[in-house]
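Take a look at the letters that make up each chain.
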Amino acid sequence: MRPIALFFRLFVWFSWRHFMKHRVRALIVVAGIALGASVFTSVRLSVHASLNSFTKSIDLITGRSDAVLSLPGGRVPEDLLPAVLQQPEVSHASALMTTYVKAAGDEMEPFLLIGFDPLSDRPFRDWEAQRGTAGSDSPWLGLMADPFTVLLSEPLARRHGWQAGDNLTLAHDRDHAIFRVLGILKPEGLGLAEGGRVALTDVATFQEFSGLHGVVDRIDLKLTAAVSPVSLEELGRQWADLLPEGLQITSPSEAGESGRSMIRAYQLNLSILSFASLFVGMFLVYSLVALNAASRRHELAVMRATGASPGLVFALFLTEGVLLGAGGWLAAIPLSGLLVSYMLRGVSQTISTLFVRVHVDTVFLQPWEVLLSFGVTLLISLLAAVQPAREAMLVEAGEALTTARLQRSRKDSAGKMAGVSLALIGAAVPLSRLPAVAGIPLAGYVAILSLFVGFAMLAPWGLQRFGATVSPMLNRLAGVPATLAGRYVRDSGTRTAISVGALITAVSLFTALVIMVHSFRETVQLWVHQTVSGDLFVAGKLSAVNHFRDPAPERLRKGLLRLTASVEPVRSRRFGLKTGNFDYELDLLDLGSFLRHGRFVWVDGNPKALQSRLIDGEGVLISEVFANRTGLEVGDRYVAQVEHFAVELPVLGIVRDYRTRGGVVFYDRAAFTMRYADPSWSTVRLFFRQRPEDFDAALTALRREIIDRCGSHLEMVAGEELRAAILRIFDETFTVTFVLLLIALSIAALGITTTLAVQVLERLPQFNTMIAVGAAVEQVRSMVFWEALLLITAGEIAGLMCGFLLSYLLIYVVNVQSFGWSFIYSVNWKALAASLPLIVGTALLAALPAIRLIFRQPPAILLRDR
Amino acid sequence: MTDGNFLIQAHQLTRIYPMGRTDVIGINRLDLEIAPGELVVIKGNSGSGKSTLLSLLAGLDRPTGGGLTVAGVDLAAATESLLTRYRRSVIGMVFQNFNLLPTLTVMENACLPALLAGTAYEQVAGKAVDLLRWLGLEHRKDHLPSQLSGGELQRTAIARALINQPQIILADEPTGNLDSRNGKAVVELLAGLNRDRQRTVIIATHSNLADPHATCMIHLKDGEIAGRA
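Protein sequence lines, in the order shown, are assigned to chains A and B.
Each number in my numbering corresponds to the 1-based position in the first sequence with 384 added.
Each number in my numbering corresponds to the 1-based position in the second sequence with 14 added.
Treat the hints as calculated values from the structure; they're not laboratory data.
On a predicted model such as this, the values are computed, not experimentally measured, just so you know.
All residues carry an ideal CB built from backbone N, CA and C; glycine is no exception.
There's no promise every hint is true.
Claimed, not checked - Here are the computed lysine to aspartate or glutamate pairs in the DMTMM-like style, where the Cα-Cα straight-line distance is at most 25 Å:
no. : chain 1 : residue 1 : chain 2 : residue 2
1   : A       : K486      : A       : D501
2   : B       : K155      : A       : E683
3   : A       : K405      : B       : D156
4   : B       : K198      : B       : D210
5   : A       : K405      : B       : D210
6   : B       : K235      : A       : E783
7   : A       : K606      : A       : E473
Unchecked claim - Far from chain B, some chain A residues (derived; all Cβ distances over 10 Å):
no. : residue
8   : K405
9   : I412
10  : Q471
11  : A488
12  : D550
13  : Q632
14  : P856
What the hints assert, rightly or not - A short, non-exhaustive set of chain A residues, derived as facing chain B with CB atoms under 7 Å:
no. : residue
15  : R386
16  : W397
17  : H402
18  : V686
19  : G691
20  : A692
21  : G782
22  : H1028
Let the sequences and hints guide you as you build the complete structure.
Right, dumping it as structure tokens:
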């Protein structure tokens, strides 16, 4: 215990009191770390809340089933239920149906309606109605006895002011009906599914309401024996005669695995992005600890001369870093509280838009996440302090008498660091070619880190060269102060240069994200205009929210047959399928008509040569995401079970598609009808054969005609509106990204402020000497201004270079390995040209406090102190 | 104690500083023997090698040639950790510019070497108070260095040098930053340590204040002994 107590006594005497003496510097660093840590924590907590909500909802709906009987892309015959129940392996079975419905009034949010048999479902799922709301002590009996009754979850009822006994008009994609509210569910079990936005009804009512007679979405099973994936396969073989073609027995744990893995990938990417803020904060810690080590060199020598071991000095400085990290983390707690409420909304919206529907109202403090944020913050602070602590440790006791060898060692280290940094930058290339590990682009992330560290370490050598190059030019352009500034930049040494690393990191992140988002947007825009083409999109009500899984209502299908000849329809049917744990869509569409008006954005394959083969149904097109997930290439065979049909077709080409639910496989609808069966269609897009002169009037007339022929129980959206909506959603999904980026830039600005302020304070005697030999105060200020400008410019140039490399990694490695998609590389020169001077301006503003520090006291007083 | 009852033995001691393409000689083939209890005054002009010799004796620097043994420790071959232990227990160092740590109080500065040697603060505090009382600094023990006069700073440095009861006190220009009254007082203190507490004291100085107390005077010139009395 004594050595520890002694260490902390020395720490208080030596380090803590020094911090207290220069508390503003320490507080700025703590603030930077706090910002980084709060971003990291709040992002992780927000995504975790979404993941938790999704998993919980899936688990609540899955209940205690051991196995699930389902038909890929279709529904299970209801009459299978009694047959399955007779099997000796089955103890209980329950049929389940789900769909999103909407109450009357278009402003209402859709919610999940679950149809089940309240009696046979009791062994599977828990739910209970609130006392006195269901009219009887057995609300499950009520659901069965009274058709068109529902039990509403408590949050849903509260949100809309619905009570037991109320009548609601609920709309499905084919029809609408009046339901009576039988009662309100307790906030437990199924009552909490979908974030508490759920309603329960009897399965017979559900079928009556949806028109899906004789089928159910799935049959959940409880088995008599313990279950393993192998035993489920075995069971499938045993029931081969019992089960119709295509029916599958799967583990309930597979449900939602695709959604979970997509959210996890998003969480990882956002965590990495938010980690960048912490990484920038790392430079602040480095900067301050290195300053302490450099400015207290003589004290260190005295310590060493009086008997302090190198290890003790190392530990003292390392502890300084840890203290700054711990302080930053503590300050991050209230900041995270503020940030998380914003992040929660943004993150859950993005996840709902891009991946799976989630409802998150509250965030729970996860001990693991708190521990992780504490550990990561402390670790990066510790790592940031290692190099300065090592330098402090190497101070020789003899320096108590002399300081002669300092300058030479600095120049040596700049050269050595340049070698290491080039190796690190070079290492990014082979790293970027390594495959993902379990779907995580680990090598890609290491390559990014390698780039960041490499460019930061290149800064000392880069500044030496930059300073040496610009100094002579500056003399002619801006006189002596600018020349001196150039010389200072040349000789500024490792510590100042590494601090510029914070700016390099932030600017490179900015550049890379601007390029990536622009490339993404440009590609999506191209895709939207070519592939999501069409003048009017028509589908059954709520068809989109239910992923177009059901054929369009008959009235709509028949009505569209009699439409005016001026429009050409492209009908489509989508099947939600699964390969491994990955959800995708099989999109059967009228390829002939589509290719007359629209186009795919090709990644692999010859569009002209393949057009007729595609229309003839010789093969499928697969999306880039599907190709990357499955490893399928042009020429391979696509194999799938679609309802009762085993589909096997060659892959003719690979195209880009940014649909929200993973990959897509395209095939001609007519060819599918010929080879297998008529899949009917769920959505149609209409193209004017010739663009009308008054387009808006023609579109209005077309809408009116459709309503006249097909009724109003449908959704119509103009192509222009749909494309604009997709791009608007796209822009919204990157709001969180840009907020994180702004925070990283703010931390870099704090770094500039600290570095320059420290440089000014350190060199006050030098400035006073300049005054003594005839310099004007304004000349000294001008010199410091030029120093700031040169450091910031050098940081921006290096940041830009790093950013371009980083953008390549993000687009072609991280995105491909995380989400399966890449984009057409496109640089937004306008945005870069407009924003980079803005960053220089902001950084110069951050330098102002340092410039103001000069001669805040009269030089005479400072000289006297000296 | 070393061979021949000498506390310090230097044989052909050399310290050369490489400075770019040329070498600067700090100490050149110096032979020296000092017995316990002596008060040695080393004199010489700037650049004569006084501070270099003191650095070598203090284990703050290593010879580039020859041998140096102090209190049985071969300083030319000692490891870094042995040198650290040596500085803690054998040597007490007094600097011209005091070299007190600015964030530590007088009391804390005085205690520092003992704490670094692993002694508990409670154990060393009483001894430090005694030393400060002896040096007339007891009323200043909670002050920071910035609140002290030059004489008080140097007396604090002496307290720090004595806290581990070292055999040898090395003083590098101890009066260089003091006025004549304080300078004389400091020299009296060092002489008293030698006379009353049998410490070996080595003072490198330009001034003549210590001359009357010296048992041995060494004159250095260009890193070599130019005269001895």
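Cross-check of the supplied hints:
1. K486/A with D501/A: Answer holds: K486/A to D501/A is near 22 Å, not above 25 Å.
2. K155/B with E683/A: It holds: about 20 Å lies between the C-alpha atoms, which stays within 25 Å.
3. K405/A with D156/B: Within the cut-off at roughly 17 Å; holds.
4. K198/B with D210/B: Holds, at roughly 18 Å.
5. K405/A with D210/B: violated (41 Å)
6. K235/B with E783/A: Holds. K235/B to E783/A sits at ~23 Å (cutoff 25 Å).
7. K606/A with E473/A: holds (9 Å)
8. K405: Given a closest Cβ separation of 7 Å, the condition is violated.
9. I412: holds (20 Å)
10. Q471: holds (77 Å)
11. A488: The claim stands: A488/A keeps its Cβ more than 10 Å from every Cβ of chain B (closest is about 74 Å).
12. D550: Non-interface label on D550/A holds, nearest chain B Cβ at 73 Å vs cutoff 10 Å.
13. Q632: With a cut-off of 10 Å, Q632/A remains clear of chain B, as the shortest Cβ separation is near 70 Å.
14. P856: holds (25 Å)
15. R386: holds (6 Å)
16. W397: holds (5 Å)
17. H402: holds (5 Å)
18. V686: holds (4 Å)
19. G691: holds (4 Å)
20. A692: Since chain B brings a Cβ to about 5 Å from A692/A, closer than 7 Å, the hint holds.
21. G782: holds (4 Å)
22. H1028: At 81 Å from the nearest chain B Cβ, H1028/A fails the 7 Å test, so the hint is violated.
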